Amino acid sequence: MGANDFASLPHIGESVLRKEDYRFLTGAGQYTDDITLTRMTHAVFVRSPHAHALIKSINTTAAKAAPGVIGVLDGKDVAHDKLNGLPCGWLITSTDGQPMKEPPHPVLALDKVRYVGDHVVMIVAETLEQAKNAAELVEVDYEMLPAVVDVRDAKKGTALHDAAPDNQCYHWALGDKGLVDEAFTKAAHITKLDLINNRLVPNAMEPRVAIGSYSRANDDYTLYVSNQNPHVERLLMTAFVMGLPEHKVRVIAPDVGGGFGSKIYLYAEDVCLTWASKKLNRNIKWVCERGEAFLSDAHGRDHSSHAELALDKDGKFLALRVHTDANLGAYLSTFSTCVPTILYATLLAGQYTTPLVYVEVDAWFTNTAPVDAYRGAGRPEATYLLERIVSRAAFELGLSQDEIRRRNFIAEFPYQTPVALQYDTGDFVACMDASQKLADVAGFKARQEASKANGKLRGIGYSSYIEACGLAPSNIAGALGARAGLFECGEVRVHPTGSVTVFTGSHSHGQGHETTFAQVVASRLGISVDSVDIVHGDTGRVPFGMGTYGSRSISVGGAAIMKALDKIEAKAKKIAAHLMEAADTDIDFANGEFTVRGTDKKIPFGTVALTAYVPHNYPLETLEPGLNETAFYDPTNFTFPSGTYIAEVEVDPETGVVRLDRFTAVDDFGTIINPMIVEGQVHGGLVQGIGQALTENCVYDRETGQLLTGSFMDYAMPRADEFPQFNIGHICTPCTHNPLGTKGCGEAGAIGSPPSIINAVLDALAPLGVKDLDMPATPHRVWEAIQSAKA
Amino acid sequence: MYAFTYDRPSSFADALKLVEAGGQALAGGQTMLASMKQRLMQPEKLVDLRQIAELTGVSKEGDQLIIGAMTRHCDVEQNALVKQYIPALAALAGGIGDRQVRAMGTIGGSIANNDPAACYPSAAMALGATIHTNTRTIAAEDFFQGMYATALENGELIKAVSFPIPKRASYAKFKQGASRYAMVGVFVADTANGARVAVTGAANGVFRHGGLEAALSKNFAPEAIAEVMIDPTDLNSDIHASAAYRAQLIKVQTGRAVAAALA
Chain A
1 MGANDFASLP HIGESVLRKE DYRFLTGAGQ YTDDITLTRM THAVFVRSPH
51 AHALIKSINT TAAKAAPGVI GVLDGKDVAH DKLNGLPCGW LITSTDGQPM
101 KEPPHPVLAL DKVRYVGDHV VMIVAETLEQ AKNAAELVEV DYEMLPAVVD
151 VRDAKKGTAL HDAAPDNQCY HWALGDKGLV DEAFTKAAHI TKLDLINNRL
201 VPNAMEPRVA IGSYSRANDD YTLYVSNQNP HVERLLMTAF VMGLPEHKVR
251 VIAPDVGGGF GSKIYLYAED VCLTWASKKL NRNIKWVCER GEAFLSDAHG
301 RDHSSHAELA LDKDGKFLAL RVHTDANLGA YLSTFSTCVP TILYATLLAG
351 QYTTPLVYVE VDAWFTNTAP VDAYRGAGRP EATYLLERIV SRAAFELGLS
401 QDEIRRRNFI AEFPYQTPVA LQYDTGDFVA CMDASQKLAD VAGFKARQEA
451 SKANGKLRGI GYSSYIEACG LAPSNIAGAL GARAGLFECG EVRVHPTGSV
501 TVFTGSHSHG QGHETTFAQV VASRLGISVD SVDIVHGDTG RVPFGMGTYG
551 SRSISVGGAA IMKALDKIEA KAKKIAAHLM EAADTDIDFA NGEFTVRGTD
601 KKIPFGTVAL TAYVPHNYPL ETLEPGLNET AFYDPTNFTF PSGTYIAEVE
651 VDPETGVVRL DRFTAVDDFG TIINPMIVEG QVHGGLVQGI GQALTENCVY
701 DRETGQLLTG SFMDYAMPRA DEFPQFNIGH ICTPCTHNPL GTKGCGEAGA
751 IGSPPSIINA VLDALAPLGV KDLDMPATPH RVWEAIQSAK A
Chain B
1001 MYAFTYDRPS SFADALKLVE AGGQALAGGQ TMLASMKQRL MQPEKLVDLR
1051 QIAELTGVSK EGDQLIIGAM TRHCDVEQNA LVKQYIPALA ALAGGIGDRQ
1101 VRAMGTIGGS IANNDPAACY PSAAMALGAT IHTNTRTIAA EDFFQGMYAT
1151 ALENGELIKA VSFPIPKRAS YAKFKQGASR YAMVGVFVAD TANGARVAVT
1201 GAANGVFRHG GLEAALSKNF APEAIAEVMI DPTDLNSDIH ASAAYRAQLI
1251 KVQTGRAVAA ALA
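Residue numbers (our numbering), protein chains in the order written: chain A, 1 to 791; chain B, 1001 to 1263.
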């Protein structure tokens, strides 16, 4: 079935209300913390108060003797039981051919701590209060070392790891430096830009939480964990850390309250709980507190970059040259190394025909929490850099922001970029046109005048993003250093009476898969959406899965289900042919009915399903009974959602306050299955991206490495009253290489929006002479930029 | 949270006895309970004042509004007398925290805590309020003594706060983006004895600004402060705002508060 046929089926493009919302809205969701096992115990982790220190000694005598304490474990116990450190899932090779520096990431610190919040001792007690009381009795003797916080200080700072004496993990590059340098010598104009992509704390609504459980009877483990990819979690934990056979470990990620990337990874706490559940022979729960989450969840972004864009006299881009320093934090988190390389540099062509791009990336260890993928993962960093420098070039050349983009848009597809990716489809001009119309750009001048009359400065900012989703062709990912496949698995189980349960390796933690995926299956089989249930998040029930991240679920997980449905349809046609005494090749299936071509014979899907399980009149000699099919789908290319976003802001020059007045997002997500859910995803992405641009900033003290924004009192999450109603629109060029034509929509908002906001603020401040501004554009920063321009 | 005992007396006399015996008064708890959860505070005995009817409510006596110490922010926000006589105070209360905080937090709790970025202290200072305790009355000027410090003695409890009714007043709060406490909050009051300007959030405690008061006492109008210099020397500088920026905000917010008071 082709994408166009699929898009015309019933239920596709229908805003079906979310099936999962009944349980969420009535308090019947089952999150990990809602699960209580027998004789449950509770864990707390004693964490490092220092950014960098040697552990001289750990005294747990008093803690072990405290009331209710069942176990106190530290790095020596981990070493004794020969647990390995946490693995990194992506190998990056430096330009000199050397593999990246991959220092150990111990499950509990041994000899040294490397960031505030590093896990040192695990306490398990009968109650949480007893565990906390015992934690206060643990005495750790630290010898402080100087801390490195900022990537710009890393090279000359005290080494975190013996394996990386200058704190560098890798030096990586993409593109032909010689050709790019040569192009710059011929440029009519060169635009230069230094920028910081600010560090962010993910802050999912549900903090991390896990329950470790061990069955002495079966010698097997169950880990309940708030996680985005339970099979990956199990694979990493069993094969790389604990040396356990996979069939002895079941990982269940039940209802999960948001992930944004931060719950992709295998964390030390998950390993500790699994390990200790056998060691102590008790069920153990750990619930991360918000303050702990700020310290120990993998953070996002944190790039420092210099970029140069060479243009000809007509504003056509000739070449782009970029150097980026990326902060990886103290240890390599699961996918940290591919974020500032594979997921970043490959997006620097953007929507443009720039023929030459050269990118260098230096990645550094610092005494901060590990940094890894966060909604967008590399693509927001690329988009921010590119869309900022494009708008700056427009300002410098006196071109409008849309005109410079239009002069450089890619117009023909497929298009091979100079940074490895091949875009299969898109229509960037149509997207720009639609966005400008929806944003009422024609009325901007009048609105600007009205603002001026009120003493305010109004600006407009553009961002035309493209991103790569649908991770990923496994062979390409493997060649680029991935240590895992990136396919997806789906199993479709048709029950005897025609209802269906689908087991998917994708994981829903807010995305609404139980509805969207059910629409896909219902549309294919001609049954009601209510007849389809989606099961996910349990390695004991789902055959396999690579999980949900990188906006991959519908395009890869959905495609796997489509492949399984192809098999269901093929087998069902054989059964139908038998029942109607026709040849398989004469059977058509549409709207839930099997028909014999050229006759009026027909039987419904339900009859075929029943026959498969009650095979009294059945071709048993050539066909197995049952109607249950599994498929694995490995994509042949990435998908490429794109869009043009237009922000309009009003700045108060007296206070520096930026008010977002209008925001327009026109996206090309290919086929849309449930417009309501897509709109929700866009809204969520936008507020996260705009949050990064205007309010959010993770700040460590540059000397001590203490986290200064360790709570919501200092870390400014975006809030509803800071946003206007968003104008949302779509164009559709279906993806050409998956059966649904979908491209993914989960991250677009967070990727496309930040540069549009900063470009709008800079447009507003241009009359005052302000040329540069880093995120977040807080009132204080904007006011200071105005003062600097005045000086 | 550590274990503690909890009492909820229904008379002020009983509450005093419990506090004198070492109990920690709980007056809404919107700061203290969070601190206890984080194990930053560990009172052994809590004395919840919320059932004491005599500590709640608003009355008018002469040219003063008297607000009971346990009157919640949402009650001040919605009180007819406050809205009629000092609408700026009702608006201030309506801008504290969020709906949940306003449904628990109280005026007495707020001023006894004297968070340097709290809203109420600025109103008390600018309006020339008097704090009534079980033993004495204290002028607002003398009550607030810098960051989290007040004139309250051990065992002394606030019963009420009386606010002289100004000719006009307004509070202009510039919120810190994360906490939404005042990064700079300016309460201006045009009173029988001239203009009074109190600033919260900008320094280690609430303070009045003589220069602004002098200019506004001559001419209670936004343009009157154009030439007033705000010295940033003793103002806070942190990751959210520099001292210079806070000085700028004091001036801007004062102008806007005056304009609002006149509107």
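No wet-lab data here; the hints were simulated from the structure.
All figures in this text were calculated on a predicted structure; none of them were measured in a lab.
Treat the hints with caution; some may be incorrect.
As the list claims (entries may be wrong) - The following residues of chain B were derived to be distant from chain A, with all beta-carbon distances above 10 Å:
| no. | residue |
| --- | --- |
| 1 | S1011 |
| 2 | I1066 |
| 3 | E1223 |
| 4 | I1239 |
Claimed, not checked - Below are the DSS-like pairs computed for lysine-lysine, each with C-alpha atoms no more than 25 Å apart in a straight line:
| no. | chain 1 | residue 1 | chain 2 | residue 2 |
| --- | --- | --- | --- | --- |
| 5 | B | K1060 | A | K790 |
| 6 | A | K56 | A | K192 |
| 7 | A | K82 | A | K278 |
| 8 | A | K132 | B | K1167 |
| 9 | A | K601 | A | K192 |
| 10 | B | K1045 | A | K132 |
| 11 | A | K456 | B | K1251 |
| 12 | B | K1037 | A | K64 |
| 13 | A | K155 | A | K101 |
| 14 | B | K1037 | B | K1167 |
| 15 | A | K771 | A | K445 |
| 16 | A | K177 | A | K112 |
| 17 | B | K1251 | A | K452 |
| 18 | A | K56 | A | K19 |
| 19 | A | K177 | A | K82 |
| 20 | A | K574 | A | K601 |
| 21 | A | K456 | B | K1175 |
| 22 | A | K177 | A | K192 |
| 23 | B | K1175 | B | K1060 |
| 24 | A | K64 | A | K19 |
| 25 | A | K452 | A | K177 |
Note that the Cβ used here is the ideal one computed from N, Cα and C, for glycine as well.
Pair hint outcome, K1175 of chain B versus K1060 of chain B [Cα-Cα no greater than 25 Å]: Given that 25 Å is the threshold and the Cα spacing comes to 31 Å, the pair is violated.
Please verify whether K56 of chain A and K19 of chain A have alpha carbons no more than 25 Å apart. The given pair, whose Cα atoms are some 55 Å apart, is violated under the 25 Å limit.
K132 of chain A and K1167 of chain B were given as a pair; does the straight-line alpha-carbon distance stay at or below 25 Å? violated (54 Å)
Given the hinted pair K456 of chain A and K1175 of chain B, is their alpha-carbon gap at most 25 Å? holds (19 Å)
Given hint K101 of chain A paired with K155 of chain A - CA-CA distance at most 25 Å: Roughly 14 Å separates the two Cα atoms, so the pair holds.
Under the criterion that the straight-line Cα-Cα distance not exceed 25 Å, is the pair K456 of chain A, K1251 of chain B satisfied? holds (18 Å)
Mind checking the alpha carbons of K452 of chain A and K177 of chain A for me, to see if they're no more than 25 Å apart? violated (46 Å)
Is K177 of chain A within 25 Å of K112 of chain A, Cα to Cα? Status violated; Cα separation ~40 Å.
Do the alpha carbons of K177 of chain A and K192 of chain A lie within 25 Å of each other, as the hint requires? Holds - the C-alpha atoms of K192 of chain A and K177 of chain A are around 17 Å apart, at most 25 Å.
Regarding the pair K1045 of chain B and K132 of chain A, is the alpha-carbon distance no greater than 25 Å? Holds - the C-alpha atoms of K132 of chain A and K1045 of chain B are around 20 Å apart, at most 25 Å.
Reported absence of I1066 of chain B from the contact zone with chain A (all CB gaps over 10 Å): holds (33 Å)
Over 10 Å from every CB of chain A: does E1223 of chain B meet that, or does the non-interface label fail? For E1223 of chain B, whose nearest Cβ neighbour in chain A is about 14 Å away, the distance exceeds 10 Å, so it holds.
Consistency with the previously given hints fails for numbers 4, 5, 6, 8, 9, 14, 16, 18, 19, 23, 24 and 25, ordered from lowest to highest.
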